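Chemist: Sequence:
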Amino acid sequence: MYNPAMTFPSAFDLHQEHTAFVIRPILVETAPDETHERPHRHDFQEILWIRAGQGQQAIDGELMAISPNTFYLIAKGRIHQLITGVELDGLVIRFTDDFLPDFPALAMGHYQTMLFNNVMLNHTLPVSAMEAASFEQLMALMLAEYGEPKGSERDEVLRHLLTALLVKLQQVQKKWWRERETAVSPNTRLFYQFTLLLEKQFRQNHNVQTYAQTLGITPRQLSHLSRQMVGQTAKTVIENRIILEARRYLTFTTKSVKEIAFLLGYKDPSYFSKAFKRQTGIPPQKYKQNTPAFRRSSK
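Residue numbers (my numbering): 4 to 302.
Keep in mind that the hints were calculated from the coordinates and are not lab data.
Because the structure is a prediction, the values reported are computed rather than measured.
C-beta atoms are modelled at their ideal positions from N, C-alpha and C, and glycine is treated no differently.
Possibly wrong hints are sitting among the right ones.
Pair ranges (Cβ atoms, derived) [as the list claims (entries may be wrong)]: (1) R230 / E90: 20 to 30 Å; (2) K277 / G154: 47 to 57 Å; (3) S137 / F102: 18 to 28 Å; (4) D101 / E156: 47 to 57 Å; (5) G154 / Q207: 38 to 48 Å.
Below, computed lysine to aspartate or glutamate pairings styled on EDC-like, alpha-carbon distance capped at 20 Å [said to hold, decoys possible]: (6) K238 / E262; (7) K258 / D271; (8) K171 / E202; (9) K171 / D100; (10) K171 / E151; (11) K261 / D271; (12) K79 / D271; (13) K79 / E134; (14) K153 / E202; (15) K177 / E148; (16) K203 / D46.
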């Protein structure tokens with residue numbers, strides 16, 4: 004979940020647009036060594052469509068290759084950096100949650116937890132040539148409509164075209180699950196609900212029992228479900244999400260370990276330090292010292 008305490012410059016934002024919806028072509032001719040793009044935190048949902056080219060990017064410090072005919076889903080709150088790119092061609096689509104219409108198809112699939120998720124780390128959706136052609140038609144309509152004069156009618160068309168894109172991406176995501184013999188079952192949806200709840204509450208709520216009560220199940224059932232879905236207990240999933248946010252603060256801000264501990268809901272900073280070391284193997288202060296200071300902000 005986006006936290007206004009940390010903001011960073013946006014990628015591909017040549018015109019510094021700050022609207023609820025943006026779609027722009029991506030064209031990086033050659034940057035084999037580095038693109039000079041700084042790591043930045045997203046305060047919007049972002050979809051990168053790469054139709055051609057290759058490169059490398061980092062999401063929350065995790066390096067990943069950029070490949071053709073692939074969608075990359077970058078959730079609100081994540082730290083993103085384009086590192087290298089050669090002959091990259093595609094589109095970048097950004098939108099805020101409130102831009103979307105209240106549409107049943109999105110409620111059924113719950114795009115936030117299925118596509119943009121800080122726990123389920125499937126950022127990458129490769130598509131077939133046939134699927135790519137279908138997506139290209141839809142995104143061409145979006146790009147053409149975006150070029151029309153601004154107004155309520157244009158935005159209404161864009162909202163519904165974006166809805167169609169998200170529903171189609173959900174179909175690809177469901178196919179990905181089915182191919183791994185993990186069809187979208189009631190248990191899967193329940194775990195998605197847990198991850199959405201966690202995203203909203205991880206700073207205040209570190210307790211498995213509280214999440215379980217909200218979901219209407221027991222802590223034992225929640226941990227069993229979590230093991231089925233991601234191979235980790237619910238407690239570990241909660242701690243991982245907290246430590247992920249801690250790493251972001253340590254890397255991209257000048258806040259002290261004590262300040263970060265309080266921001267993440269620890270009344271005693273020593274408990275935070277122990278939890279961080281348990282997850283990463285090193286104390287938070289040492290992690291901060293060993294991490295490159297990309298552009299630390301005091302905010």
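Chemist: For the pair we were handed, K171 and D100, check the Cα-Cα distance against 20 Å.
Modeler: Roughly 18 Å separates the two Cα atoms, so the pair holds.
Chemist: Range first: 38 to 48 Å. Now tell me if the beta carbons of G154 and Q207 are that far apart.
Modeler: 41 Å, holds
Chemist: Does E202 sit within 20 Å of K171, going by the straight-line distance between their CA atoms?
Modeler: This hinted pair is violated, its Cα atoms lying about 24 Å apart.
Chemist: Within a Cα-Cα threshold of 20 Å, do K171 and E151 meet the stated pairing?
Modeler: 24 Å, violated
Chemist: Given the proposed pairing of K153 with E202, does the C-alpha separation stay at or below 20 Å?
Modeler: 33 Å, violated
Chemist: Quick one, are K203 and D46 close enough, alpha carbons at most 20 Å?
Modeler: 15 Å, holds
Chemist: Regarding the pair K79 and E134, is the alpha-carbon distance no greater than 20 Å?
Modeler: Roughly 26 Å separates the two Cα atoms, so the pair is violated.
Chemist: Need the status of pair K238, E262: alpha-carbon distance at most 20 Å?
Modeler: It is violated: about 23 Å lies between the C-alpha atoms, which goes past 20 Å.
Chemist: For R230 and E90, compare the CB-CB distance with the range 20 to 30 Å and indicate the outcome.
Modeler: At roughly 43 Å between Cβ atoms, E90 and R230 fall outside 20 to 30 Å, so the hint is violated.
Chemist: Is the Cα-Cα distance between K261 and D271 20 Å or less?
Modeler: 8 Å, holds
Chemist: Holds or violated: are the alpha carbons of K79 and D271 at most 20 Å from each other?
Modeler: 29 Å, violated
Chemist: Does the structure keep K177 and E148 at a Cα separation of 20 Å or less?
Modeler: This hinted pair is violated, its Cα atoms lying about 28 Å apart.
When the structure is compared with the earlier hints, violations turn up for hints 1, 4, 6, 8, 10, 12, 13, 14, 15 and for no others.
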